[in-house]
Amino acid sequence: MTAVLEIAGLQKTYRSRKGVRRALDGFDMTVEAGQVHGFLGPNGSGKTTTLRTLLGLIRPNGGRMAILGREVPESLPDVAGQVGAIVESPQFFGNFTAQDTLSLLADAGGVRKERVFAVLELVGLRDRAKDRVKTYSLGMKQRLAVASALLKEPKLLILDEPANGLDPGGIREMRTLMRNLAESGMTVVLSSHILGEIQLICDSVTIISAGRRVAAGSVADVLRSNTSSAVKVSLEPGVDMRGAIELLRANGAQVTVEHDHFMVGNAGNPAQITRILAEREIYVSELTPVSADLESVFLQLTGTAPVEGQNRQVDQTAAAAPASGGWGQ
Amino acid sequence: MSLYSAETRRLTKRRFTKLFLLGVTLILAAVAVGMFFTNEKVGPEQIASAQAQAQQDYQRSLEQFQKDMADCQAAQGTAQASNWPPGCEGMVEPTIDNFQTQWYMPPTFNFRENFGDMVTTLAALLALVAFIVGASFVGAEWSSGGMMNLLLWRPQRLRVLGIKLAALLVFFTALTVVFSAIWTGLFYLIAQARGTTDGMTSGAWQSIALMELRGLALVIVAGAVGFGLASLGRHTAMALGVTIGAVIVFQFGLGTVLAMADVKFAEAYLIPIWMIAWMNKEVKIEDYNSCDFNSATGCVPDALTLTWPMAGGILAGVFVLIVVASMWTMRSRDVT
Numbered sequence: 001m002t003a004v005l006e007i008a009g010l011q012k013t014y015r016s017r018k019g020v021r022r023a024l025d026g027f028d029m030t031v032e033a034g035q036v037h038g039f040l041g042p043n044g045s046g047k048t049t050t051l052r053t054l055l056g057l058i059r060p061n062g063g064r065m066a067i068l069g070r071e072v073p074e075s076l077p078d079v080a081g082q083v084g085a086i087v088e089s090p091q092f093f094g095n096f097t098a099q100d101t102l103s104l105l106a107d108a109g110g111v112r113k114e115r116v117f118a119v120l121e122l123v124g125l126r127d128r129a130k131d132r133v134k135t136y137s138l139g140m141k142q143r144l145a146v147a148s149a150l151l152k153e154p155k156l157l158i159l160d161e162p163a164n165g166l167d168p169g170g171i172r173e174m175r176t177l178m179r180n181l182a183e184s185g186m187t188v189v190l191s192s193h194i195l196g197e198i199q200l201i202c203d204s205v206t207i208i209s210a211g212r213r214v215a216a217g218s219v220a221d222v223l224r225s226n227t228s229s230a231v232k233v234s235l236e237p238g239v240d241m242r243g244a245i246e247l248l249r250a251n252g253a254q255v256t257v258e259h260d261h262f263m264v265g266n267a268g269n270p271a272q273i274t275r276i277l278a279e280r281e282i283y284v285s286e287l288t289p290v291s292a293d294l295e296s297v298f299l300q301l302t303g304t305a306p307v308e309g310q311n312r313q314v315d316q317t318a319a320a321a322p323a324s325g326g327w328g329q
Numbered sequence: 330m331s332l333y334s335a336e337t338r339r340l341t342k343r344r345f346t347k348l349f350l351l352g353v354t355l356i357l358a359a360v361a362v363g364m365f366f367t368n369e370k371v372g373p374e375q376i377a378s379a380q381a382q383a384q385q386d387y388q389r390s391l392e393q394f395q396k397d398m399a400d401c402q403a404a405q406g407t408a409q410a411s412n413w414p415p416g417c418e419g420m421v422e423p424t425i426d427n428f429q430t431q432w433y434m435p436p437t438f439n440f441r442e443n444f445g446d447m448v449t450t451l452a453a454l455l456a457l458v459a460f461i462v463g464a465s466f467v468g469a470e471w472s473s474g475g476m477m478n479l480l481l482w483r484p485q486r487l488r489v490l491g492i493k494l495a496a497l498l499v500f501f502t503a504l505t506v507v508f509s510a511i512w513t514g515l516f517y518l519i520a521q522a523r524g525t526t527d528g529m530t531s532g533a534w535q536s537i538a539l540m541e542l543r544g545l546a547l548v549i550v551a552g553a554v555g556f557g558l559a560s561l562g563r564h565t566a567m568a569l570g571v572t573i574g575a576v577i578v579f580q581f582g583l584g585t586v587l588a589m590a591d592v593k594f595a596e597a598y599l600i601p602i603w604m605i606a607w608m609n610k611e612v613k614i615e616d617y618n619s620c621d622f623n624s625a626t627g628c629v630p631d632a633l634t635l636t637w638p639m640a641g642g643i644l645a646g647v648f649v650l651i652v653v654a655s656m657w658t659m660r661s662r663d664v665t
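As they're listed, the protein sequences go chains A and B. All residue numbers for the first sequence refer to our numbering, where the first residue is 1 and numbers rise by one. All residue numbers for the second sequence refer to our numbering, where the first residue is 330 and numbers rise by one.
There could be a bad hint or two in this list.
[Said to hold, decoys possible] Each pair of labels, with its calculated beta carbon distance range: (1) A:Leu-138 - B:Asp-663: 23 to 31 Å; (2) A:Asp-131 - B:Ala-533: 28 to 36 Å; (3) A:Gln-11 - B:Ala-566: 29 to 37 Å; (4) B:Arg-660 - A:Glu-114: 34 to 42 Å; (5) A:Gln-11 - B:Tyr-598: 48 to 56 Å; (6) A:Leu-138 - B:Ser-536: 53 to 61 Å; (7) B:Gln-485 - A:Arg-126: 28 to 36 Å; (8) A:Val-20 - B:Gln-485: 25 to 33 Å; (9) B:Gly-352 - A:Gln-11: 14 to 22 Å; (10) A:Lys-113 - B:Ser-661: 29 to 37 Å.
[Said to hold, decoys possible] Which bits of chain B does chain A cover? Going by a derived footprint, with three or more residues having C-beta under 8 Å, they are: (11) 461–474; (12) 658–665.
Rather than coming from a laboratory, the hints here were simulated on the basis of the structure. All values derive from a computational prediction rather than experimental measurement. All residues carry an ideal CB built from backbone N, CA and C; glycine is no exception.
My request is simple: use the sequences and hints to build the entire structure.
The following block contains the structure:
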């Protein structure tokens, strides 16, 4: 596979009277051709700064970037025709219609006029194409933004929060659209906070926190390498659960008691649980590995999981090291 | 070229542009209609009427003088004498020269003499519209996010801003040329119907053409300054705010301070006088506190003449300063 997008050691520093803030601190990212790539990070982690820098809106302080094998920002004018992008919330001039807006962009970019109608159809705005943009809902503006990004039939599509404001039907349509685009050979970079969606539609992800990459790879790899080794244990009815828990704790297990079962948090080798309990003639009725989803991996990696009694501030992260090893291994 | 045509389309499609053009057209139409109805052609009938009116007023004034003189003389030696000049001296008998026929003539539009003011009116109105539309054209793009969108399509900042400015200036150049031609034709017709077009030699036409050319330059500079200021501040309000600030500081504040400090030729520090100098080719400012005594002419105040090349230099300087500053910030700033 060839890399459509490469970022290495990207740095961006903002200086103000309040001091110096490193928005990007040696950030790396690679996106292979034909993939739907999720770009994740908490608020203020540097996602939008990365995209703006990549698209020539912000000047970096260091690092290198390449799109479609060409160094940017130097070659950006040459590759811009093959990159469709929306950055942050959709922003259009409210008094123009959607058709006017896209038509003017098509003129500016030397794109065929027929594409305007094609993309309006594609994003479901055909019947509202002649309405002023200021009468649109957030979701409709989002669709228009996606339409503007698709207008030039890009090889690389960069979408920042494309599902923002969409209704459930719209989110599903967007998911299908992304998949279809990827199948047609387009590479899609998708920044979103709807992690369930990312997990559903992305082939690979990059997770950024505090301006640095904290995880990257295929979704399955990222989940696997960051999955905790917890298992859910249920015993036969009538069995002394308290005794079983004390037995396991005495052997070093980290046990959390639930209503009718308990969790062993550091079960690197679940067979150890059955052996210890069986030796005392306690038999388990259920032993289920607790599979991690992208949301929990994200919260773990970015250190942004809510903590009871604390109000987390934006920019406040506590990046944790990926989980490894465990009791019983 | 595609970007240029897109920007021209964007400019002409904007409701703001359409509204301001409609507004300025209505104002200009009102001026033309007003000039048509407040002027009339002067013929033998009007001259005879003016002469009769002048003669009538002269006679009335003379009768009043004679009556006053008689009253004054009758009052001499009585208590009422204090109501009159001592010895009735200083009471001047009116002459026919005090009632010249020309002062009783109805207003008439002399194209050669009066059209210059109309050119200045047109240029001032179009310059105001160019300034506001220019500021809004780029200011609204910045504040709505349209500029960022455009830069995603054409990541060539100077080229994008330069073409946008070029589209604006070419549009207003064409608009000013068309409006000037219509304005000239309209007032030529008004002069023919309600005044005179006598004395319109080729030299007079050339002078009008040059004045309209200076008006065009004023419109272009105003458009570029509005555009540049709004681009610097990334908002239409920036240009309007700076203008209001400049008017308050330079016109009212500085004008008052200079007047209080008795600064010589204080008007030369104010903007309107330079615009008048530019349009009328020159303007003379006199310092009434000074006295250059001459036995032949008496006390003559010092004078400073502002000429159109001087005003043109200032206009060019402001144009270059604002446009270069807006281009430089466009090139160097992060677009966030």
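How the hints compare with the structure:
no.: 1; hint: A:Leu-138 - B:Asp-663: 23 to 31 Å; in the structure: holds (26 Å)
no.: 2; hint: A:Asp-131 - B:Ala-533: 28 to 36 Å; in the structure: violated (54 Å)
no.: 3; hint: A:Gln-11 - B:Ala-566: 29 to 37 Å; in the structure: holds (34 Å)
no.: 4; hint: B:Arg-660 - A:Glu-114: 34 to 42 Å; in the structure: holds (35 Å)
no.: 5; hint: A:Gln-11 - B:Tyr-598: 48 to 56 Å; in the structure: holds (49 Å)
no.: 6; hint: A:Leu-138 - B:Ser-536: 53 to 61 Å; in the structure: holds (59 Å)
no.: 7; hint: B:Gln-485 - A:Arg-126: 28 to 36 Å; in the structure: holds (32 Å)
no.: 8; hint: A:Val-20 - B:Gln-485: 25 to 33 Å; in the structure: holds (30 Å)
no.: 9; hint: B:Gly-352 - A:Gln-11: 14 to 22 Å; in the structure: violated (51 Å)
no.: 10; hint: A:Lys-113 - B:Ser-661: 29 to 37 Å; in the structure: holds (35 Å)
no.: 11; hint: 461–474; in the structure: holds (count 4)
no.: 12; hint: 658–665; in the structure: holds (count 3)
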